[in-house]
Amino acid sequence: MITLGDYLIVSGILFAIGFAGVMLRRNLIIILMSLELMLNAANLSLVAFSRFRVSPAGLPNYNAQVFVFFIITVAAAEVAVGLAILVALFRARQTTDVKDISELKF
Amino acid sequence: MSYLELLKLASTEAVVVVTALVVLAIGLTTRREATGVTVATAQGDQNVGGSSSARTNAICSFIAALGLAIAIGTALMLPRKATLFSGMLVITPLTSLFKIICMALAFFAVLLTKSEKSLRHPGEYLAILLLATVGLMLLVSSEELLMIFIGLELLGLSLYVMVAFDKTDVRSAEAGLKYFLFGSTSSAFTLFGISLIYGMSGITSLAAISEKLATVSVQPLLAVGIVMTLIGFAFKIAAAPFHLWAPDAYQGAPIPSAAFIASGSKVASFVVLGKIVLVGFAPLHGDAAWHAMVAGWSPVLAALAALSILVGNFVALAQSNLRRLLAYSAVAHAGYTLIGLVAGDREGFSAALFYTTTYAITLVGAFGVVALVRRETAGDDFSNFSGLISRSPMLAGCMSIFMLSLAGIPPLAGFFGKFYLFSVALRADAGHGLLWLVAVALFGSLISLYYYLIVLKVIFVDEPSLAIASSPDHLSPDLLQRIAVAVLAAVVLFLGLMPDALAAGLLAAMP
Numbered sequence: 000m001i002t003l004g005d006y007l008i009v010s011g012i013l014f015a016i017g018f019a020g021v022m023l024r025r026n027l028i029i030i031l032m033s034l035e036l037m038l039n040a041a042n043l044s045l046v047a048f049s050r051f052r053v054s055p056a057g058l059p060n061y062n063a064q065v066f067v068f069f070i071i072t073v074a075a076a077e078v079a080v081g082l083a084i085l086v087a088l089f090r091a092r093q094t095t096d097v098k099d100i101s102e103l104k105f
Numbered sequence: 000m001s002y003l004e005l006l007k008l009a010s011t012e013a014v015v016v017v018t019a020l021v022v023l024a025i026g027l028t029t030r031r032e033a034t035g036v037t038v039a040t041a042q043g044d045q046n047v048g049g050s051s052s053a054r055t056n057a058i059c060s061f062i063a064a065l066g067l068a069i070a071i072g073t074a075l076m077l078p079r080k081a082t083l084f085s086g087m088l089v090i091t092p093l094t095s096l097f098k099i100i101c102m103a104l105a106f107f108a109v110l111l112t113k114s115e116k117s118l119r120h121p122g123e124y125l126a127i128l129l130l131a132t133v134g135l136m137l138l139v140s141s142e143e144l145l146m147i148f149i150g151l152e153l154l155g156l157s158l159y160v161m162v163a164f165d166k167t168d169v170r171s172a173e174a175g176l177k178y179f180l181f182g183s184t185s186s187a188f189t190l191f192g193i194s195l196i197y198g199m200s201g202i203t204s205l206a207a208i209s210e211k212l213a214t215v216s217v218q219p220l221l222a223v224g225i226v227m228t229l230i231g232f233a234f235k236i237a238a239a240p241f242h243l244w245a246p247d248a249y250q251g252a253p254i255p256s257a258a259f260i261a262s263g264s265k266v267a268s269f270v271v272l273g274k275i276v277l278v279g280f281a282p283l284h285g286d287a288a289w290h291a292m293v294a295g296w297s298p299v300l301a302a303l304a305a306l307s308i309l310v311g312n313f314v315a316l317a318q319s320n321l322r323r324l325l326a327y328s329a330v331a332h333a334g335y336t337l338i339g340l341v342a343g344d345r346e347g348f349s350a351a352l353f354y355t356t357t358y359a360i361t362l363v364g365a366f367g368v369v370a371l372v373r374r375e376t377a378g379d380d381f382s383n384f385s386g387l388i389s390r391s392p393m394l395a396g397c398m399s400i401f402m403l404s405l406a407g408i409p410p411l412a413g414f415f416g417k418f419y420l421f422s423v424a425l426r427a428d429a430g431h432g433l434l435w436l437v438a439v440a441l442f443g444s445l446i447s448l449y450y451y452l453i454v455l456k457v458i459f460v461d462e463p464s465l466a467i468a469s470s471p472d473h474l475s476p477d478l479l480q481r482i483a484v485a486v487l488a489a490v491v492l493f494l495g496l497m498p499d500a501l502a503a504g505l506l507a508a509m510p
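Those protein sequences? They're chains A and B, same order as listed. Sequential numbering of the first sequence, starting at 0, is according to numbering that gives the first Met the number 0. Sequential numbering of the second sequence, starting at 0, is according to numbering that gives the first Met the number 0.
FYI, nobody ran anything at the bench for these hints, they're computed from the structure. The reader is advised that the hints may include incorrect statements.
Unchecked claim - To be clear about the criterion: a stretch of chain A counts as covered by chain B if any three or more of its residues have a C-beta under 8 Å from a C-beta of chain B, and this derived list gives those stretches:
no., stretch
1, 13-24
2, 30-37
3, 55-61
4, 67-75
Claimed, not checked - Partner residues aside, some chain A positions facing chain B, computed with beta carbon under 8 Å:
no., residue
5, L45
6, R52
7, A91
8, L103
Where is the CB? At the ideal position from N, CA and C, for every residue including glycine.
Full structure from sequences and hints, please.
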């Protein structure tokens with residue numbers, strides 16, 4: 000039997016992988032993918048909470064499921080904006096490596 | 000709840016959205032004609048396209064400003080109190096007041112846009128600015144985690160584009176990318192935190208969460224959720240150690256974007272952060288007093304505040320670019336403002352909001368001066384400002400008002416804001432528990448005086464550097480923008496002389 004705790008552990012691991020990817024990887028495309036992973040970790044935990052918080056009438060708590068639809072939409076918009084900025088930068092610099100992007104400094 | 004009634008209560012947002020669409024349409028149609036001209040003629044006629052672009056810019060700015068003015072009018076006519084969909088859209092005197100403040104700040108950002116020559120697509124730019132304003136208004140007027148998240152994202156995504164908008168400047172795209180990466184990481188943190196809070200309380204409306212939290216004991220998962228949510232907001236207000244995007248964004252972005260991030264985005268973020276911690280997490284206040292720390296959100300915010308004040312002020316000392324200096328000082332000011340939230344009651348919240356509002360007005364003005372100087376000297380390092388007094392006494396005077404207000408010199412608005420904050424923080428705890436935080440803040444203000452005075456020394460004492468002296472010297476008359484800067488300086492002075500005009504209104508509007 001899969002419990003709420005199991006889902007939360009998986010979602011926590013996904014979030015950690017995503018965060019590690021954002022922090023450690025140097026390629027911007029992979030960083031964007033890792034960002035998506037972090038958002039989806041939140042989606043997973045929301046859906047799990049919704050499924051396991053059954054109301055007295057036996058229905059799941061639908062608030063979180065509606066929330067997840069909004070997050071999916073927002074994630075798509077975020078990727079669109081991220082890729083657009085990436086293209087603008089690539090045209091100027093011909094690179095997708097974050098190490099090469101250091102015009103602005105302390 | 001009929002749709003007509005919904006439209007009436009959300010009329011302010013609706014007007015701004017419609018304005019954004021109109022501006023976008025105008026920008027698209029006129030742009031097409033302009034490119035047609037440049038394609039048809041040879042390179043020599045470049046200025047034809049240029050002047051047409053300037054005309055488009057003027058038309059679009061005028062319509063955007065008009066739309067915002069109408070929207071402010073509709074905000075004045077909103078009912079005093081209303082609640083839609085269990086807190087998704089709330090109208091109280093406080094939200095109406097801050098909607099108006101946000102729109103006024105956006106109005107001045109639009110005025111700054113008018114003279115920005117480097118923006119090749121003014122219609123699109125202004126439309127995005129207006130959409131960001133809608134995001135601000137949603138943030139201010141919602142007491143429900145889903146809507147707050149949507150507002151945050153609408154604001155954030157618009158701002159990323161606004162920062163990266165100047166395609167002719169490679170630094171703009173870089174600043175946009177950094178802002179985007181930090182921003183979306185932190186919004187993922189907020190979202191994960193929200194999901195945990197939802198899981199623990201089973202609900203997303205702030206008032207209901209607070210009722211729920213009062214009854215349950217604090218579990219580790221809930222604590223993680225709260226800290227993660229706070230991290231996301233600490234990023235938005237640029238509190239250390241989540242401030243790393245701010246200097247780059249302030250320096251690399253087109254000036255209206257930087258001014259908007261420093262003002263509107265900050266004000267709305269403080270309003271919503273205050274609502275979340277003081278309404279939603281009210282039972283978990285904790286205690287930030289030095290000897291009697293109790294776990295809760297207020298010690299977390301107190302630590303962020305102290306760190307921001309120290310980091311912001313010390314790093315600002317080393318800057319030689321005015322926009323970077325403003326960015327680091329923004330970090331320090333975020334720290335001061337957090338003190339009000341740590342103090343935590345009605346009075347603390349209103350002190351924080353008074354401070355952040357006056358700060359926002361000051362920064363829009365300072366960026367207005369930077370924009371005018373940058374147009375003439377093509378830069379915003381200290382050397383570009385040297386001897387500004389001989390070139391334009393009026394701008395130099397306004398800049399000194401803004402800088403002295405940021406430093407907290409009476410009789411300017413910044414002085415009263417700091418005084419109000421610190422006195423509230425001292426009174427908040429019977430045993431003066433927040434004295435340590437106030438001491439840190441006073442120490443920080445002392446340091447900040449040094450670098451603000453350096454700016455004034457550059458403007459008033461230094462000789463104009465040769466490169467600038469040989470260039471056509473007099474700042475061209477951009478009357479509207481000068482008037483805007485002068486009006487902002489007058490407001491800063493007025494709020495310093497009669498702080499009650501805003502402070503009493505804020506306190507009365509507090510729930």
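Each hint tested on the structure:
| no. | hint | verdict |
| --- | --- | --- |
| 1 | 13-24 | holds (count 4) |
| 2 | 30-37 | holds (count 3) |
| 3 | 55-61 | violated (count 1) |
| 4 | 67-75 | holds (count 3) |
| 5 | L45 | holds, 5 Å |
| 6 | R52 | holds, 5 Å |
| 7 | A91 | holds, 4 Å |
| 8 | L103 | holds, 4 Å |
The structure fails to meet hint 3 from the earlier list, while all remaining hints are met.
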